[in-house]
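Participant: Using the sequences and the accompanying hints, generate a full structural model.
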Amino acid sequence: MGSAREAARGGKRGEVTVPHEKADRELLRRYHADGDLEARERLIEQYLPLVRSLARRYSYRGEQLEDLVQVGCIGLIKAIDRFDIDRGVELTTYATPNIIGEIKRHFRDKGWSIRVPRGLQELNVRLSRLIEELTVQLERSPTIAELAKASGAEEEEVLEALETGQAYTTVSLSTPSSGGDYDDLDPLESLGELEHEYEVSEDRAVLAPGWRVLDDRERRILHLRFFEGLTQSQIAEQVGISQMHVSRLIRRALEKIRDEIALDGARTGTDN
Amino acid sequence: MTDAVTLTIPRGRPYYGVVRLVVGGLALRLDLSYEHLEDLQLALESVLSNDAYAASDEVTIELEIRDSTVEVSVGPVDGSELGSDLERDEAGIGLRRLLDAVVSNVELEEREGGEWVRLEKRLVAGSGAK
Chain E
6 MGSAREAARG GKRGEVTVPH EKADRELLRR YHADGDLEAR ERLIEQYLPL VRSLARRYSY
66 RGEQLEDLVQ VGCIGLIKAI DRFDIDRGVE LTTYATPNII GEIKRHFRDK GWSIRVPRGL
126 QELNVRLSRL IEELTVQLER SPTIAELAKA SGAEEEEVLE ALETGQAYTT VSLSTPSSGG
186 DYDDLDPLES LGELEHEYEV SEDRAVLAPG WRVLDDRERR ILHLRFFEGL TQSQIAEQVG
246 ISQMHVSRLI RRALEKIRDE IALDGARTGT DN
Chain X
13 MTDAVTLTIP RGRPYYGVVR LVVGGLALRL DLSYEHLEDL QLALESVLSN DAYAASDEVT
73 IELEIRDSTV EVSVGPVDGS ELGSDLERDE AGIGLRRLLD AVVSNVELEE REGGEWVRLE
133 KRLVAGSGAK
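Residue numbers (this note's numbering), protein chains in the order written: chain E, 6 to 277; chain X, 13 to 142.
It is worth saying that the hints were derived from the structure and are not from the lab.
Don't be surprised by glycine CBs; every beta carbon is placed ideally from N, CA and C.
Please note that a few of the clues may not be correct.
[What the hints assert, rightly or not] To spell it out: a stretch of chain X is covered by chain E in this simulated footprint if at least three of its residues, at any positions, have a beta carbon under 8 Å from a beta carbon of chain E; those stretches are: (1) 27-35; (2) 38-45; (3) 49-55; (4) 58-68.
[Said to hold, decoys possible] With the Cβ distance kept under 7 Å, some of the chain X side facing chain E (calculated, not the full set): (5) Arg109; (6) Ala113; (7) Val118.
Facilitator: Laid out in structure tokens, this is it:
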């Protein structure tokens with residue numbers, strides 16, 4: 006696998022920003038075997054651009070980029086310190102979920118979601134109920150105008166409130182999964198563990214990684230939506246949750262899949 | 013009647029929320045159902061949020077309404093990446109399966125300055141229909 010990866014990396018055109026693997030291993034060996042702190046420093050410096058690029062993905066949430074880089078660095082340092090050189094994975098593979106995990110934990114700990122204005126949050130909750138009621142009453146999905154009328158809010162407010170419901174999705178990767186074999190692990194931390202199983206075929210390599218980080222309910226909902234062709238309201242009825250919640254779960258699950266596939270691409274370096 | 017809205021944004025997650033709101037505004041004018049709105053947003057998001065499909069720092073979204081169809085074109089995109097993802101995909105939820113569930117038709121098209129992807133959604137009476 007290592008040689009295939011190296012070959013793939015060698016064949017990749019353009020911007021390879023990841024520090025050189027062999028040099029990394031030497032630095033990691035010097036640090037872990039000889040306690041060479043200078044080697045550790047150099048690794049941290051080399052991987053700062055990775056931290057920075059990951060931090061940038063989250064900086065729009067009102068956090069200063071530099072603060073997030075600092076938080077991400079903690080994840081990087083932990084990854085370097087805990088890295089097991091005999092495991093045969095690259096440091097990038099191991100560090101990326103650690104860095105993202107640290108950033109997401111930071112957001113979760115800070116409870117960033119309270120930044121959403123309270124009025125909109127309340128309207129969002131009300132809309133969730135109204136969508137259910139109107140879907141039953143009208144025997145079809147309601148329009149924005151109908152939701153506005155029923156809630157007594159302006160139409161644009163309804164749109165904004167629906168938007169606030171989507172504002173939380175990405176942080177959920179750091180919440181514990183509700184089932185499966187990796188119950189005790191933060192999904193992000195479990196990613197590295199799964200890696201060796203995804204090399205069976207190209208299809209599995211592309212698709213299985215995402216699927217594996219989903220919990221049972223997310224899998225079921227995605228299956229109903231994309232394989233059985235059920236609508237959100239039909240799924241809501243079948244699963245026993247609100248349609249808005251179905252919408253959120255679908256989005257969250259798809260995002261998990263996307264993130265995981267992106268990570269997998271970073272691991273193999275063969276995607277482009 | 014033809015009606016069109018064009019929006020150019022920097023590529024990046026912070027701006028996808030803007031797109032969602034614009035699509036929402038359009039859905040409001042067209043009196044689309046909540047489910048149709050959700051479908052359109054999901055379709056757009058699946059094309060926008062994958063960096064592999066990026067062909068430039070900016071991306072333009074054209075929303076056009078023809079009779080009972082909403083056409084959403086996104087470009088420029090990396091047509092070979094996106095095209096191969098549209099062709100792949102039997103076992104899990106990739107781009108093809110996702111888009112098939114939420115829009116009626118997907119096509120790649122050549123334009124001056126690069127490739128675009130066009131998503132069509134037919135608005136059938138009642139909710140949740142393709």
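Participant: Give a verdict on every hint.
Facilitator: So, going through the hints one by one against the coordinates:
no.	hint	result
1	27-35	holds (count 3)
2	38-45	holds (count 5)
3	49-55	holds (count 3)
4	58-68	holds (count 5)
5	Arg109	holds, 5 Å
6	Ala113	holds, 5 Å
7	Val118	violated, 15 Å
Checked against the numbered hints given earlier, the structure breaks only hint 7 and satisfies all the rest.
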